[in-house]
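Q: Starting from the structure of chain G, add chain H where the hints point.
There are 2 protein chains.
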Amino acid sequence: MNLNGFFNPESIVVIGASRSPEKIGHLILQNLKVTFQGKIYPINPNATEILGLKCFSSVLEIEDDSPDLAIIVLPAKEVKKVVLECIKKKIRSAVIISSGFSEVGNKEAEEELKKISKKKIRIIGPNCVGIYKKGLDMLFFPRERLKRPADGSIAFITQSGAFGSTILDLIAEEGIGISKFISIGNRIDVNEIELLEYLAKDINTRCIAMYLESIENGKEFINVAKKIVKKKPIIVFKAGKTKKGKEAVASHTGSLAGEHVIYSAAFKQAGIIEANSTEELFDFAKVLANQPVMNSNKIGIVTNGGGFGIIAADEAVRIGLDVPELPKDIIKSLGKFLPDYAVKHNPVDLTGDANTERYEKSLNAVFKNKEIDGVVCIVLMQIPTLEEDVLTVLRDTKIYGKPITICATGGRWTTDRMKKLEAFGIPVYQTPERAVRALRVLYEYGKILKMK
Amino acid sequence: MNLNGFFNPESIVVIGASRSPEKIGHLILQNLKVTFQGKIYPINPNATEILGLKCFSSVLEIEDDSPDLAIIVLPAKEVKKVVLECIKKKIRSAVIISSGFSEVGNKEAEEELKKISKKKIRIIGPNCVGIYKKGLDMLFFPRERLKRPADGSIAFITQSGAFGSTILDLIAEEGIGISKFISIGNRIDVNEIELLEYLAKDINTRCIAMYLESIENGKEFINVAKKIVKKKPIIVFKAGKTKKGKEAVASHTGSLAGEHVIYSAAFKQAGIIEANSTEELFDFAKVLANQPVMNSNKIGIVTNGGGFGIIAADEAVRIGLDVPELPKDIIKSLGKFLPDYAVKHNPVDLTGDANTERYEKSLNAVFKNKEIDGVVCIVLMQIPTLEEDVLTVLRDTKIYGKPITICATGGRWTTDRMKKLEAFGIPVYQTPERAVRALRVLYEYGKILKMK
Numbered sequence: 000m001n002l003n004g005f006f007n008p009e010s011i012v013v014i015g016a017s018r019s020p021e022k023i024g025h026l027i028l029q030n031l032k033v034t035f036q037g038k039i040y041p042i043n044p045n046a047t048e049i050l051g052l053k054c055f056s057s058v059l060e061i062e063d064d065s066p067d068l069a070i071i072v073l074p075a076k077e078v079k080k081v082v083l084e085c086i087k088k089k090i091r092s093a094v095i096i097s098s099g100f101s102e103v104g105n106k107e108a109e110e111e112l113k114k115i116s117k118k119k120i121r122i123i124g125p126n127c128v129g130i131y132k133k134g135l136d137m138l139f140f141p142r143e144r145l146k147r148p149a150d151g152s153i154a155f156i157t158q159s160g161a162f163g164s165t166i167l168d169l170i171a172e173e174g175i176g177i178s179k180f181i182s183i184g185n186r187i188d189v190n191e192i193e194l195l196e197y198l199a200k201d202i203n204t205r206c207i208a209m210y211l212e213s214i215e216n217g218k219e220f221i222n223v224a225k226k227i228v229k230k231k232p233i234i235v236f237k238a239g240k241t242k243k244g245k246e247a248v249a250s251h252t253g254s255l256a257g258e259h260v261i262y263s264a265a266f267k268q269a270g271i272i273e274a275n276s277t278e279e280l281f282d283f284a285k286v287l288a289n290q291p292v293m294n295s296n297k298i299g300i301v302t303n304g305g306g307f308g309i310i311a312a313d314e315a316v317r318i319g320l321d322v323p324e325l326p327k328d329i330i331k332s333l334g335k336f337l338p339d340y341a342v343k344h345n346p347v348d349l350t351g352d353a354n355t356e357r358y359e360k361s362l363n364a365v366f367k368n369k370e371i372d373g374v375v376c377i378v379l380m381q382i383p384t385l386e387e388d389v390l391t392v393l394r395d396t397k398i399y400g401k402p403i404t405i406c407a408t409g410g411r412w413t414t415d416r417m418k419k420l421e422a423f424g425i426p427v428y429q430t431p432e433r434a435v436r437a438l439r440v441l442y443e444y445g446k447i448l449k450m451k
Numbered sequence: 000m001n002l003n004g005f006f007n008p009e010s011i012v013v014i015g016a017s018r019s020p021e022k023i024g025h026l027i028l029q030n031l032k033v034t035f036q037g038k039i040y041p042i043n044p045n046a047t048e049i050l051g052l053k054c055f056s057s058v059l060e061i062e063d064d065s066p067d068l069a070i071i072v073l074p075a076k077e078v079k080k081v082v083l084e085c086i087k088k089k090i091r092s093a094v095i096i097s098s099g100f101s102e103v104g105n106k107e108a109e110e111e112l113k114k115i116s117k118k119k120i121r122i123i124g125p126n127c128v129g130i131y132k133k134g135l136d137m138l139f140f141p142r143e144r145l146k147r148p149a150d151g152s153i154a155f156i157t158q159s160g161a162f163g164s165t166i167l168d169l170i171a172e173e174g175i176g177i178s179k180f181i182s183i184g185n186r187i188d189v190n191e192i193e194l195l196e197y198l199a200k201d202i203n204t205r206c207i208a209m210y211l212e213s214i215e216n217g218k219e220f221i222n223v224a225k226k227i228v229k230k231k232p233i234i235v236f237k238a239g240k241t242k243k244g245k246e247a248v249a250s251h252t253g254s255l256a257g258e259h260v261i262y263s264a265a266f267k268q269a270g271i272i273e274a275n276s277t278e279e280l281f282d283f284a285k286v287l288a289n290q291p292v293m294n295s296n297k298i299g300i301v302t303n304g305g306g307f308g309i310i311a312a313d314e315a316v317r318i319g320l321d322v323p324e325l326p327k328d329i330i331k332s333l334g335k336f337l338p339d340y341a342v343k344h345n346p347v348d349l350t351g352d353a354n355t356e357r358y359e360k361s362l363n364a365v366f367k368n369k370e371i372d373g374v375v376c377i378v379l380m381q382i383p384t385l386e387e388d389v390l391t392v393l394r395d396t397k398i399y400g401k402p403i404t405i406c407a408t409g410g411r412w413t414t415d416r417m418k419k420l421e422a423f424g425i426p427v428y429q430t431p432e433r434a435v436r437a438l439r440v441l442y443e444y445g446k447i448l449k450m451k
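Line order of the protein sequences matches chains G and H.
Residues 0 to 451 in numbering that gives the first Met the number 0 are what the first sequence lists, from first letter to last.
Residues 0 to 451 in numbering that gives the first Met the number 0 are what the second sequence lists, from first letter to last.
Wrong hints could be hidden among the right ones.
Chain copies aren't distinguished; within one or between two, either way the pair holds.
Unchecked claim - With a straight-line cut-off of 25 Å between C-alpha atoms, the simulated BS3-like cross-links for lysine-lysine are:
#, residue 1, residue 2
1, 38, 132
2, 343, 76
3, 146, 335
4, 335, 76
5, 297, 446
If you're looking for bench data, these hints aren't it; they were derived computationally from the structure.
Pulled out of the complex, with its shape left as it was, chain G reads as follows (with noise of 0.2 Å):
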């Protein structure tokens, strides 16, 4: 049984709907009502309607014959006998939200689902969050005080619901966009691996995100992984790395972490980029969903803020990429329009009264240089010289089929305006620091798909 129920469902049991709006059975009602376009069935027995929707006492009171996927929010020692009702009503996809399984030690009760799962019913879950994607939202946190992330070509798989959720949050403010997010929490039937091979072919996904606390099948997971990531990028963020931090996995999702540096270097030879921290992660998925990889490690940096040019360079070195001087023509094509004051080596220095033109003048000249492969540019939009129309500049810079990752520190006005280009595909950083380091992730994709 594939995976297309949990995905593409045009009809969602929800078992354990709640008429307490702070209760998880109501929260995730709600987010379903107003996102998804099928049929919603709340279950539960002592009420008639929950948000204008028709309740029913049990599945098998259903009038539909098969609803595609069931989202049960029961308590643990419940979900057996409704997941065995799931099957008598033909549901193929569950996805149990329900925690208190093997992460409290109750291993027993999960052994049992995971008898009863694969074959006649497929389970994500439990201890989860489940899915959001575009249309499918069975997050139980409120839309108000979580915002959902547009829709993107970002797949993201988490070990943790809560870190995946507030995640969410996060780059949606960033206006990073997903294709699609599970929460696999104890994972008893659908796992990383599967959901890798899915999202392989899941014409909507450019790139795989993951935060793993363990990972079940290691051998497996490399070789499947080994072949996706010469079509997509894997990118994945491991915790459990410690001593201290394996004995926190094992009661979090009741999984068994290894040795971190065995992951790291298997990671290493499948092709998998390894994210070291929260930070790397979506600074990595954003670039790697959307620019083209760097053939070298060249790079150009362009700035409207001579210390940030500084640092910019300061971190590339560190991390092993090259900042080379640029060609005399180039240098004199520079001189060209530029001030006498600007800088025209590289990093460019075009100065704090840097207008459009010069950026789109400069931006041309350094990236047609054949000997640099990637442009950090910075762009400090509070500078009252420069205008908005820079974003256009900026955003068409892909007819070079060079990679740029842009760095713009700043409050929300400056955010605010990013989000304009996130939106298309040009990745933002409030540091220089991270807009390099993303570039260099470029680089290491290029070498991964020369791979053998």
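A: Then chain H, alone, in the frame of chain G:
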């Protein structure tokens, strides 16, 4: 002559005031007008009035006997003449915003200015953006584009005006406050050493953050800093670490950067805390300005998201902090009010349905433990069961006399709430790693205070 005229002027002359709204000489006047309570004298021989303020054709024409401060925004070649006029008018302090000096190779003009400064007039700049503090905003960035931070306890010295200003915008958004911001530019007279001495005595400053590209008199800098760090922490982010970075420094502020390894060793010896990235400068400054030091490396982690607890534990161990197991009596006391499925070990996981009471009682238990010298508290505010009164609980942890740092990951809804904590000196971070590193800096500063 002391620096008081720069920070507490009663009258200011703006030389180069402009009628054109996009010009620097206009923007400075505009921002001064809405913040400064004293007298403002715009100087412009071709205008009679700008922004409702009466204009003068030269400083010599002003009725005021000796205005306290001059801000000069004329082209470089006109600066010397007006500085001499300022001296004639007995103006004791001048901020020279104008660029076009040693940073573009014009060393002669800079030397001339240097000769006439110090004894007869004190100069900040040239090639800078001047000063910002409560009641004195001479930044030339429009206030709607670049948000100003609230009044606070961090002093910020920057060699790069653009870096400093856009960082102000960034931290204003987070709710971090500033006591004094000084952009020193080419520092022909007032330099980082004299400012350190001034800020050491400043009652409104509890912590000094610096962005530097070069240090003029390294030995003196270290000697001065060494004494100050016992009273107030000093954090330095030094750019121009690499050969490429150093070349860029020369064309930015016209100065020469030395070897970074020597700087680093000297910082360490003097008890200066080094920030290794743009992000760390204020991540560290805000915790050092507000939280007590940590006397050991033993930390507690309290979270409502298991994954975050794991990431925090990993980072803590990686950077040399200890996440000790809690004593049996503490675990027992946690068991009295935490549900079965919560984790009573360190990291303490209150789980996804945590409410304020769980935070209050758990933090109380963990803080009262003698083995724990600081706490990283992860508070995912998007969780439906968590109400805003948790902010009060977090604020009131100061009664324990031990430091706390907060991780709250998310979008605007979360960050808007977290600003309230920042206003009370509780430092909040977007990722667990940053919150953990901030706690480690308190341990580092604790050791500095014990240094001989």
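Q: Which of the listed hints are broken here?
A: Per hint list: single violation, 3.
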